[in-house]
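**Q** Read top to bottom, the protein sequences are chains Z and V.
FYI, numbering that gives the first Met the number 0 numbers position 255 of the first sequence as 254, with every residue one higher than the one before it.
FYI, numbering that gives the first Met the number 0 numbers position 221 of the second sequence as 220, with every residue one higher than the one before it.
It should be emphasised that the hints constitute simulated quantities derived from the structure, not laboratory data.
Hints may be right or wrong, so weigh each one.
As the list claims (entries may be wrong) - Each computed SDA-like pair below joins lysine to any residue, with the alpha-carbon atoms no more than 20 Å apart:
| # | chain 1 | residue 1 | chain 2 | residue 2 |
| --- | --- | --- | --- | --- |
| 1 | V | Lys20 | Z | Pro209 |
| 2 | V | Lys329 | Z | Gln197 |
| 3 | V | Lys20 | Z | Met275 |
| 4 | Z | Lys171 | V | Trp432 |
| 5 | V | Lys329 | Z | Pro205 |
| 6 | Z | Lys171 | V | Met424 |
| 7 | V | Lys329 | Z | Ile221 |
| 8 | V | Lys20 | Z | Phe201 |
| 9 | Z | Lys249 | V | Ala307 |
| 10 | V | Lys329 | Z | Ser274 |
| 11 | Z | Lys171 | V | Arg435 |
| 12 | V | Lys20 | Z | Asn210 |
| 13 | V | Lys20 | Z | Gln197 |
| 14 | V | Lys407 | Z | Val149 |
| 15 | V | Lys20 | Z | Val208 |
| 16 | V | Lys329 | Z | Arg277 |
| 17 | Z | Lys171 | V | Val421 |
| 18 | Z | Lys171 | V | Gln372 |
| 19 | V | Lys329 | Z | Ile204 |
| 20 | V | Lys407 | Z | Ile147 |
| 21 | V | Lys329 | V | Val295 |
| 22 | V | Lys329 | Z | Val267 |
| 23 | Z | Lys42 | V | Ala243 |
| 24 | V | Lys20 | Z | Pro78 |
| 25 | Z | Lys171 | V | Leu433 |
| 26 | V | Lys20 | Z | Leu280 |
| 27 | Z | Lys171 | V | Asp427 |
| 28 | Z | Lys42 | V | Arg435 |
| 29 | Z | Lys171 | V | Asn157 |
| 30 | V | Lys329 | Z | Val269 |
| 31 | V | Lys329 | Z | Met217 |
| 32 | V | Lys407 | V | Gly89 |
| 33 | Z | Lys42 | V | Ala307 |
| 34 | Z | Lys171 | V | Ala307 |
| 35 | Z | Lys42 | V | Trp244 |
As the list claims (entries may be wrong) - Here's a subset of chain V near chain Z, in silico, CB distances under 8 Å, partners left out:
| # | residue |
| --- | --- |
| 36 | Val40 |
| 37 | Thr41 |
| 38 | Gly130 |
| 39 | Phe191 |
| 40 | Phe193 |
Note that beta-carbon positions come from the ideal geometry of N, C-alpha and C, so glycine has one too.
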Amino acid sequence: MAQAAPAPQGDIRSSYLRDTQRRRLYSLVLVAIFIACLVSGLKLAQSRNAGGFINGLPQLFAFPSEVVSEAVQKAVNLPGLLLKYLPSLIETINIAGVSTLVGAILATVLSLLSTRGLARWPILIPVFRRAMDLMRAVPEVVIALVLIFVLGGGPVAAMIAIALHTTGALGKLFSEVNENADLRPVEGLASVGSNWSQRMWFAVIPQVVPNYLSYSMMRFEINIRASAILGFVGSGGIGYDLRNAMSWGKGRYDEVAAIFILLFVTIVLVDQLSSMYRNRLVKGSHHA
Amino acid sequence: MPEVAVGIDVRQHSLDLFRRKRLFSLGVPLIVLAYLAYIFVTFDFAGVASRANPDNARTLIGDSYSYKTHVTRDNRSGAFSIAIEGETKGTYPPGMSPEWVKVDDDNAVVELEGGASVEFIGDRVRMTLPGYGVIEVTSGSGGIDLVLPTDVVPDWINASNTRVSITTPSGRVQVTRSKTDVFRYAFGWELFFFTLDSPFYGRSFGELGALIVSPVEIVPGKPNLVAMAEEFWTNKMWRHGDVAWALFETVLMAFLGTFGAALIALPVAFLAASNFTPSRWIRFAFRRVFDFLRGVDGLIWTIILSRAFGPGPMTGALAILLTDTGSFGKLFSEALENVDDRQIEGVQSTGASTLQRQRFGVMPQITPVLLSQLLYYFESNTRSATVIGAIVGGGIGLLLTQAISTQKDWEEVTYYIVLIVVMVMTIDGISAWLRRRLISGAPALH
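Okay, chain Z solo, but in the shape it has when bound:
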């Protein structure tokens, strides 16, 4: 160190340049590896795909244009079809809604149980954490398919599957929120002899509710998409109708078009509403 201080400027300059060059080299190598992975991955995916990318490209618009042209031809039917599929759409939304609700409630409990300083049984924190990790890691489709075998097709299988995943996903986010909660109200309530659930309900929940709501809204958005997809795999809702409509093939594509429209409008609407509401929540919590 004593030697470094009086070192001539040229040394600093060259060592800086050396450092920069080395860093640049590292970044270059990383980027090269990344590009190599990407290109070879693309090639591999291409070779393992049934139809090639280049061959399929001209057909990319064949199906959408068929759907659109049929929908335009039978435009008179469209309002009727939209009405016909409305109940299934409501079912899809309900699956998402109830699984978000149940998931959020379970996640609240689990996250409180797994936050240091708040947990009821501090020894069990790792257990609850791993349980949430596990619930988060299992894709919804896995649980849904197994449940369809046991419960039969229908919205309940999808609901349970999505609720389980939501519990894991929200639980992690909620416990991050809990960690930032002010502990003084909790201590205050503890000093007057309240039990654990009272402390949580009156001292923690009011602090974290805006963030919880915001995350739950985001999850609701994701869950609508998930419930549509699960319907396609076999449980109820609009996804199931979409698969049926697709299997009828040409001549009934106006039904496909109606379902596409319903799904698109719903997703965009929920997206917009939730981001609007979330903005308000965040602003509201800043004011408070």
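Given chain Z's structure and the hints, the job is docking chain V onto it.
**A** Frame of chain Z, contents of chain V only:
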């Protein structure tokens, strides 16, 4: 005087506030309950509970940790065959049998758990159950004849003129005119490492370990370890090699989709950010493109793309890519709008060109945010790729749906689920680790 007025006002105000809060804290749980009740009725929970098939659940759970071996006698030819799960792939070659079966020409003895046994004597089957007695079933051209030690047929025996099935905890016997089956249950996943035709079948781990170091080659021309790995990899029952490929394909879909989308979305995001694109119309147009890509959900993209490109990982990757281009476009343009201008001005003051300003003024600010978002999406897309694979027919999602649709290979389903969970958790762990490094090491990236 005014102080008093203010006091009343505050009091009134806080009373109002309390009332509203009380109403709220009572109303919200009520609304939640009402909604749940509505769902209970519309989703027909009562109907689901009555339609639910507990037998299916039992086979599913039982199958996931145990397996059964079938000992079958063809009642027309009198020939015996022994097969694990009744599959051709698991059939014992002639002359080979587990130690609990003894076959000599026309007769055979099968020992079951708990001292029970089943004897085949020509067309007659005699089952000895400790604590119950001897059951004799004879299948002949006239029908199936059942002789029990008691007068009443117990409810674990299901008998008719054409079919008798006896279900006990130690095993099951099923007799029809054409064949007689004995099922013996055992714990574990059968033939998980080596199938019956493999030279390594039936050896303990100790023996296998000794083989690895021994110079005697079991498969001529190959070191034992290599031969073992090959036998394991090509296991006909579990197809470990194919499963590994399928897992890799799923990760590949997620990788190509996520990073491909990021590469497309990054430059385009500049065009949708208000501080880089002054033109309102261009911004508006690009934002609507992003909204459209996101709004046409992954499901619809998957259907449209699989029509054009057929099943496979490329189709899945493209479906993820299209949806995520929309998400990334939105996220990136928001990140760009939050960029600190001072840093850009600083770079500009040195006489940097537009491109250099972006590279040295903007990128260092947004790279950590972008990368951590990307990694987060990569993990989430690994899960999506499983679902998309189930729809387009690629990766582990395809294997899973195939195994579930046979409704009997639940041990394979369990195996796949374990692998999927391990895969997702690994990716999650790696991405969380990288994100932590990125955030703590963020200054190094500048």
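**Q** Has the given pair, lysine 171/Z with tryptophan 432/V, been kept, meaning a C-alpha gap of at most 20 Å?
**A** holds, 16 Å
**Q** What's the verdict on lysine 171/Z and glutamine 372/V, does the C-alpha distance respect the 20 Å limit or exceed it?
**A** holds, 16 Å
**Q** Would you mind confirming whether the straight-line C-alpha gap from lysine 407/V to isoleucine 147/Z stays at or under 20 Å?
**A** holds, 14 Å
**Q** Between lysine 42/Z and alanine 307/V, does the CA-CA distance stay at or below 20 Å?
**A** holds, 18 Å
**Q** Between lysine 42/Z and arginine 435/V, does the CA-CA distance stay at or below 20 Å?
**A** Violated, because 32 Å separates the two Cα atoms, which is more than 20 Å.
**Q** Would you check the hint for lysine 20/V and glutamine 197/Z, treating anything up to 20 Å between C-alpha atoms as holding?
**A** holds, 17 Å
**Q** Verify the proposed pairing of lysine 329/V with methionine 217/Z, using a straight-line Cα cut of 20 Å.
**A** Holds. Lysine 329/V to methionine 217/Z sits at ~15 Å (cutoff 20 Å).
**Q** Does the structure keep lysine 329/V and valine 267/Z at a Cα separation of 20 Å or less?
**A** holds, 13 Å
**Q** If you draw a straight line from the CA of lysine 20/V to the CA of proline 78/Z, is it 20 Å or shorter?
**A** The hint is violated at about 43 Å.
**Q** Quickly compare the C-alpha distance for lysine 329/V and valine 295/V to 20 Å and report which way the hint goes.
**A** Given pair lysine 329/V, valine 295/V holds - Cα atoms ~15 Å apart, limit 20 Å.
**Q** Within 20 Å, alpha carbon to alpha carbon, are lysine 171/Z and valine 421/V?
**A** holds, 18 Å
**Q** Measure nothing beyond the straight line between the CA atoms of lysine 329/V and isoleucine 204/Z; if it is 20 Å or shorter, mark the hint as holding.
**A** Answer violated: lysine 329/V to isoleucine 204/Z is near 31 Å, above 20 Å.
Going through the hint list in order, the structure does not satisfy hints 2, 3, 5, 19, 24, 28, 29, 34, 36, 38, 39 and 40.
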